Each structure stands twice: as structure tokens, then as C-alpha cells.
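S.K.: Sequence:
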Amino acid sequence: MKEKKVFSINGYVGLIVMIGLILISLGLLYQGAVNIVYEPRIGYIIAAIALLIIAYLFITSLTIIAPNQAKVLIFFGQYMGTIRKAGLFMTIPLTRKISVSLKVNNFNSVKLKVNDLDGNPVEIAAVVVYKVIDTAKALFEVDYYTNFIEIQSETAVRHVATKYPYDAYDGDISLRGNVTEISQELEEELQERLSVAGVEVIEARLTHLAYSTEIASAMLQRQQAKSILNARKLIVEGAVDITQSAIEHLEERQSINLSDDQRVRLVNNLLVAIISEKGAQPVIQADSVGENSSK
2 MKEKKVFSIN GYVGLIVMIG LILISLGLLY QGAVNIVYEP RIGYIIAAIA
52 LLIIAYLFIT SLTIIAPNQA KVLIFFGQYM GTIRKAGLFM TIPLTRKISV
102 SLKVNNFNSV KLKVNDLDGN PVEIAAVVVY KVIDTAKALF EVDYYTNFIE
152 IQSETAVRHV ATKYPYDAYD GDISLRGNVT EISQELEEEL QERLSVAGVE
202 VIEARLTHLA YSTEIASAML QRQQAKSILN ARKLIVEGAV DITQSAIEHL
252 EERQSINLSD DQRVRLVNNL LVAIISEKGA QPVIQADSVG ENSSK
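Sequential numbering of the sequence shown, starting at 2, is according to the working numbering.
No lab work stands behind these hints, which were simulated from the structure alone.
Nothing here was measured: the structure is a model prediction, and the numbers come from that model.
Simulated restraints on C-beta separations: (1) Val-130 <-> Leu-27: 52 to 60 Å; (2) Asn-148 <-> Leu-27: 49 to 57 Å; (3) Ala-87 <-> Glu-215: 49 to 57 Å; (4) Ala-169 <-> Arg-266: 35 to 43 Å; (5) Ile-55 <-> Val-130: 42 to 50 Å; (6) Gln-225 <-> Val-105: 37 to 45 Å; (7) Glu-182 <-> Ile-134: 20 to 28 Å.
Think about it this way: if two alpha-carbon atoms lie no more than 27 Å apart in a straight line, the pair counts; the simulated DSS-like pairs of lysine-lysine are: (8) Lys-86 <-> Lys-3; (9) Lys-98 <-> Lys-138; (10) Lys-98 <-> Lys-5; (11) Lys-132 <-> Lys-3; (12) Lys-104 <-> Lys-138; (13) Lys-98 <-> Lys-86; (14) Lys-6 <-> Lys-104; (15) Lys-132 <-> Lys-98; (16) Lys-138 <-> Lys-86; (17) Lys-6 <-> Lys-132; (18) Lys-112 <-> Lys-164; (19) Lys-3 <-> Lys-104; (20) Lys-86 <-> Lys-132; (21) Lys-5 <-> Lys-132.
Even for Gly, the Cβ is constructed at its ideal location relative to N, Cα and C.
Please model the entire structure based on the sequences and the hints provided.
M.R.: Written out as C-alpha cells, the structure is:
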């Protein structure tokens, strides 16, 4: 079922026309009632009553529509159409009119506890910004579209959270490190789920992400250990590059030929000096001084 337009005219014009019909019917009723003694005019009275009934039915069909609001018309159980324009309108009489908001709305999910790709329990929540674009689907394809949006949003958040780890140090996508990509995927999945309800998802973003309380302290230590290892790895790689550059500089530019023992000693000293967390204490070799003094 898709949304469609329904017959409607400007309410002010329709009201003026109905008032005119009422005046005409009153005139016919007067003509029939005054001359009924002298000349039977039952037809005037019948016509006046018919016009009054028609005018009353159309006057009761007047409906006021606020901005960003739509009225869905149901005629004895049959969907007739939707009026989206704001203002006063006269439409099909004897119809049931249901108001549907077209405003942008948002839904904040509760904090859900799910297991990520590594099996770690995490707490996650999201906000979904949406609006109704098809009133017929929103009312007739699902039962209470607002509840449908809430349940499907929580289901989509759970599904996306189980596809990725909380943290990833090898460049893969993670929940904490790729919030934009995760939110984009969540928005696409929500749009696919909510299209049946005539709802457009404007934005979906994570609002809360954390390890569950029972493993929060352990996972914090794990994160710190991984951060230290990564930092050490970076320091060692940088120290090796610096040492290699220093040796090449000494041999090429300073014309110093180093033996294998001297090269090993120099590499060892440079690596210790660079990698050590504390400041390195220089040691001066006094072998040559001792030999000269003994002579």
C-alpha cells in the first residue's frame, strides 16, 4: 500500500458554498411552507431538506491541518488518501481522519549489553533521527509504527555491534576506532528495516560505547598492555633506523672503517641509549690512557 492524494478543496471556498446552499434551502423551505395552504409545494420542502443534509455533511468534513502534519482519510474501512498541505480543507464526508506527524523525530535506544566479534560484553546505545515519508505504510503496513521503529532500531544496533570488535590494533574496523563507518552502516541497515513502515532514516549515530562493568578493569589493563607494546615496537623500529643511519653516516661521510666488534658495540650502545626509559650514563674508555701511563 502506497500513499495517494485524496479529493479536497479549499475549506474557506467550500464553507462559503455550503452557506450558500443553506440559504437556498431556507428560501425553498420558506416558499414551500408559506404557500402550502394555497398550493401544494412539497417538492420545495423535499429539495430544501436534501440541500440542508448535503450542506451539513460537507461542513462536518471540514478539517484543519497544521504544518508538518498529514491527515489520512478512511471511508468505511477503505483508505481514500492523504492530505499533506497545511490549512483548512473540505473533503469527502463521513470519513475517519487520522493525524500523522511529518516532523523530524528521534529515538534514543537504551543501553544494550551485547557481545562484540571477540565475544567481549559491551554496552552500546544509539540515537536514530527519522521522519515519516509515506503515511499509508506507517499506518497500515505495521502495527504502531513508533514501537516498530524502537524494536527495529535496537535489533539493528545489536546486529552491527556483533560484527566488529570493540578495539582493533591491526588496522581492521572496530566499534571504538571507526565510529563514522559504524554509524553509516547502522543507518543503512536501519533504512532497509524501516522502509516497510514508510520511514526515512536521516541519521543514526552511536551515543554510548563501553565495556561492561564486569570486565571493564580487565579490558583496561589489556588496552594499556597493547598500547605499551605498540609504543615499544615503534620505539625499537625508530632506534634501529637511527642506528643504521648513524653507522652509515660515520662510514660514508667521516671515512671511518669500523670493525665488526666496533660495529656491534656501537649498535648496542646506541640502542640502549635510545630505548632506555632513563637517561643513559656515558662511560669513557680509559684503556689507551692506562697503557700510556704504564709506559
